[in-house]
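Colleague: Each chain is listed here by its residues.
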Amino acid sequence: ETGVTQTPRHLVMGMTNKKSLKCEQHLGHNAMYWYKQSAKKPLELMFVYNFKEQTENNSVPSRFSPECPNSSHLFLHLHTLQPEDSALYLCASSQDAAGGSNNEQFFGPGTRLTVL
Amino acid sequence: AQSVTQPDIHITVSEGASLELRCNYSYGATPYLFWYVQSPGQGLQLLLKYFSGDTLVQGIKGFEAEFKRSQSSFNLRKPSVHWSDAAEYFCAVGKGGGADGLTFGKGTHLIIQP
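Taken in sequence, the protein lines are chains A and B.
Heads up: the first sequence at position 84 corresponds to 66 in our numbering, and the numbers run straight through without jumps.
Add 67 to a position in the second sequence, counting from 1, and you land on the number used in our numbering.
Just so you know, the hints here were simulated from the structure itself, not pulled from any lab data.
It should be emphasised that the depicted structure is a prediction, and the values quoted were computed from it without experimental measurement.
One or more hints might be untrue.
What the hints assert, rightly or not - Here are the simulated lysine to aspartate or glutamate pairs, DMTMM-like style, with alpha carbons at most 25 Å apart:
id, chain 1, residue 1, chain 2, residue 2
1, A, K22, B, E87
2, B, K162, A, E35
3, A, K23, A, E66
4, A, K23, B, E155
5, B, K173, A, D67
6, B, K116, A, E38
7, A, K22, B, D121
8, A, K1, A, E38
9, B, K116, A, E86
10, B, K173, B, E87
11, B, K128, B, D152
12, B, K116, A, E6
13, B, K173, A, E26
14, B, K173, A, E86
15, A, K23, B, D152
16, B, K116, A, E26
17, B, K128, A, E86
18, A, K23, B, E87
19, B, K135, A, E38
20, B, K173, A, E66
21, B, K135, A, E66
22, B, K162, B, E133
23, B, K135, A, E86
24, A, K22, B, D75
25, B, K173, B, D75
26, A, K22, B, E155
27, B, K116, A, E66
28, B, K162, A, E66
29, A, K23, B, D75
30, B, K116, A, D78
31, B, K173, A, E35
Pulled out of the complex, with its shape left as it was, chain A reads as follows (with noise of 0.2 Å):
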C-alpha cells in the first residue's frame, strides 16, 4: 500500500449503531487530519493529530470520538448518529508540526458514510 488508505470506503449504518473509520498512511508522516464533506458544504476540518497528541478539535460533538494509537494509523469511532451525519469523511497526513512545505497534506480517498 501506498500513500493514505482508508477503511471501508462505504458504510451505511443506523442511528443506534457503533462503528469506526480507519486510516492508515504509509508516508513516515507525524500529523494526520480528519474532515468532513457533505453535500453543498465546504470541506469541514474535524481533527488534527501530531505525533498522536490531538492538537485540534473543531467542535466535533462527542459522538465522533478519534483515536490516534500511533503516527501511522487513525480511526474515528462512531456511535448514535444522526442522518445528519451522513457524508464523505476524509483523512489526511502531513510530514510534522514543523510548518512551511512539511504543511503539506496528503489525502485518502475518503469513506462514504450513509447514516439511515
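We have chain A; now place chain B onto it with these hints.
Modeller: Below, chain B alone, put in the same frame as chain A:
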C-alpha cells in the same frame, strides 16, 4: 479566522480553451495557499501550493496559480484544458504554523465541453 471564497460554483469550458478558477482568501498574516482537485469518488490531489517566494507557482498537469497579495487572490489557470480536467477544484488556506488543518472553499465544479 481564515476563510476562502470560490465565487464560481460551476464553470463550463470547451476542450482546448483556457481556464481560470478564482479564489479569494481572508487571513491576517502571510497565508499558505493550496489548490486541490477531486475526481468523482476520489480523495483530494494537490495541484500546487504557495508558501513564499515567486508569486507565480507551477503545478502538476499544466496548472499554474498566481498569488496576488493586494487582491487577496490565488487564481488557478491552465492555458488549454483537456476533457480529463473535468473535476471539482478546491482552494485552501493554511496558517502554516505547524500541523494546521486547512480551511477550504466550497469548490468549483469544472465541466469540459467537447
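Colleague: Compare the structure with each hint and give your call.
Modeller: How the hints compare with the structure:
no., hint, verdict
1, A/K22 / B/E87, "holds (22 Å)"
2, B/K162 / A/E35, "holds (19 Å)"
3, A/K23 / A/E66, "holds (12 Å)"
4, A/K23 / B/E155, "holds (13 Å)"
5, B/K173 / A/D67, "holds (18 Å)"
6, B/K116 / A/E38, "holds (23 Å)"
7, A/K22 / B/D121, "violated (34 Å)"
8, A/K1 / A/E38, "holds (22 Å)"
9, B/K116 / A/E86, "holds (8 Å)"
10, B/K173 / B/E87, "holds (16 Å)"
11, B/K128 / B/D152, "holds (9 Å)"
12, B/K116 / A/E6, "holds (24 Å)"
13, B/K173 / A/E26, "holds (10 Å)"
14, B/K173 / A/E86, "holds (19 Å)"
15, A/K23 / B/D152, "holds (22 Å)"
16, B/K116 / A/E26, "holds (20 Å)"
17, B/K128 / A/E86, "holds (18 Å)"
18, A/K23 / B/E87, "holds (22 Å)"
19, B/K135 / A/E38, "violated (30 Å)"
20, B/K173 / A/E66, "holds (18 Å)"
21, B/K135 / A/E66, "violated (38 Å)"
22, B/K162 / B/E133, "holds (18 Å)"
23, B/K135 / A/E86, "holds (21 Å)"
24, A/K22 / B/D75, "holds (13 Å)"
25, B/K173 / B/D75, "holds (9 Å)"
26, A/K22 / B/E155, "holds (12 Å)"
27, B/K116 / A/E66, "violated (32 Å)"
28, B/K162 / A/E66, "violated (29 Å)"
29, A/K23 / B/D75, "holds (14 Å)"
30, B/K116 / A/D78, "holds (17 Å)"
31, B/K173 / A/E35, "violated (29 Å)"
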